[in-house]
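If you read the sequences in order, they're chains W and A. Residue numbers for the first sequence follow the numbering used here, so the first one is 1 and each next one is one higher. Residue numbers for the second sequence follow the numbering used here, so the first one is 299 and each next one is one higher.
Everything labelled a hint here was simulated from the structure, so no lab data went into it. Check each hint, because a few of them may be wrong.
Claimed, not checked - Here are the simulated distance ranges between beta carbons:
(1) Thr159/W with Gly468/A: 41 to 49 Å
(2) Asn605/A with Leu161/W: 34 to 42 Å
(3) Pro475/A with Lys184/W: 47 to 55 Å
Glycine included, each C-beta is placed from N, C-alpha and C at the ideal position.
Listed below, chain by chain, are the residues.
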Amino acid sequence: MALPNLTEVRRRRVAEPSSEEVEGTPARRFLRHLILALVGVVMLYPLLWLLSSSLKPSQDIFTQLGLWPATWDFGNYAQGWNALNQPFHVYLLNSLLVVVLSIAGNIFSCSLAAYAFARMEFTGRKLFFALMLGTLMLPGHVLLVPQYIIFSQLGWLDTYLPLVVPNFLATNAFFIFLMVQFMKSLPVELDDAAQIDGCGPFRTFLKVIMPLCVPAMATTAIFTFISTWNEFFGPLIYIQNQDLYTVPLALRAFMDSEGQSMWGPMFSMSVVSLAPIIGFFIAGQKYLIGGIATTGLK
Amino acid sequence: MSVLTKHPAAPPAASEVPLRPPRRRRNGAAPKKKQRAGYLFLLPWFVGMAFTVIPFFASLYLAFTDYNLFNEPTWVGLANFQDMLQDERLWQSLKVTFIYTFVSVPISLAAALVVALMLNRGLRGLAVYRSVYYLPSLLGGSVAVVMLWRYIFGNDGIVNGFLGMFGIDGPAWVTDPEFSLSTLIVLNIWTFGSPMVIFLAGLRQVPAMYYEAAAIDGASKWRQFRSITVPLISPIIFFNLIMQLIGSFQTFTQGYVMSGGTGGPADSTLFYNLYLYQKGFTEFEMGYASAMAWVLLMIIAVFTAINFIASKFWVFYDS
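All chains, full assembly: derive it from the sequences and hints.
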């Protein structure tokens, strides 16, 4: 009884590849592609509509439903660029400044802290690590009011300091955690070898560990880029001076002042504000997806 | 020890001490120099923790005060919390936040899991699909996309245009209080890509041989899903659930941009954090805002605790 069953099973296994390989009959595979592609189109449609609307004359946007503009209007971009107090590149540069400083701060402070947590021995390490994980879950709004008071007493309102300085103080537990995970995957023998060769902890960190942590730092940089570029709440409460507006604040001002009629220019500046994120996403996909996968799993 | 054997006659001089091989102290602590290096590496973090811990307790204190940023805070005891009980807008903001969370989080997690399962079976073009689905989750919190949503769901927007093709006269999504929140729920579901990527990574770790063994035993696909996939990725479902809940309780930008900062129409998009912002930063009732922050922290803590307790019954940790 058992024998024919086994051969039967074996035959079926040859006919049906395991779950690692392509699965199902051609018809089912086609159906799956069809569903996935349809869902994908629905998901991308709003973004494509935004792009196409940014190239249409304002009066056509809500009357023509097609994605392909009947009349192309590149003038939206020129008009949108100059619609606010300052030309739009001022806001782009403002955002860029905040982003670059935030990236530098996060990489510097979080990698230092991560190395201490991942590799060094000192009293209270476990306690501090638990504290760090605790701040990972702490909703930021609890700290909001006192931090605002501190920053205003330091005279930091209407500057980028409240947006940037905390990043130099390893306040982003998520990135510390990410780098700790990464450093723990590196062999300890590397540190030992460096130590035997006469490296102190700082040189070991700088010359041995940092170069190997480039993927984790890239993940940190891209995540910081995206979240800082999108960040709305911080600039909203700390920046009042319109000349210092970051891109999200500029867009909000745009919507408040011109959102009733100048749809084309407004959408064109929306495209300009999203383009860097999409660009970074395409360039750094590997690090992004790898990054959220490792933090999610451990 | 080797130092000692080389100089059996005399105990090592003070200058020779560093030559000794690093030795664990009796209580297991690392030597002083190493300790200092560790603290030095953590120096920025310590300062940052001060910026976290001090405001943490300061905000707890302020929650029991009346404070408008210009005068000294005055102690009012539980008055802020008593006021909250009477504050209809506060209850409205809780309702908005809860509906938003408890509708959009389960749907987006389910969507994330279903799509991840479809993508996991060695599909050609996996990388392309994954990127397409993941991209919206990077954009969903941006002002540009929430603004876009306002126009997509506007009276002449593409949603009503699409419904019109089927002869359905769509509602005024953005200006009708009955529907305005649903547009933001759709926006949140649109960002299911980030839990999906985490699910995908988790599914990769389920050994294929489990399915092979189950298939030999004649288990159906559904049975395999229920008895192999779900238990093995349950820690990841749990992680995603917690992260999505915490994130969604703190929604701000979506409500702000959709309503132009008011939470309207008729407070239908007045998220809890948006109301907190209004109280603290437009009415300058900083004491009240701090009390609100602590209530939300408690709500999040309770939900997280419930989840952790419940997880004992459904989350399966291998080894």
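A quick look at each hint next to the structure:
no. : hint                               : in the structure
1   : Thr159/W with Gly468/A: 41 to 49 Å : holds, 46 Å
2   : Asn605/A with Leu161/W: 34 to 42 Å : holds, 37 Å
3   : Pro475/A with Lys184/W: 47 to 55 Å : holds, 51 Å
Checked against the numbered hints above, the structure breaks none of them.
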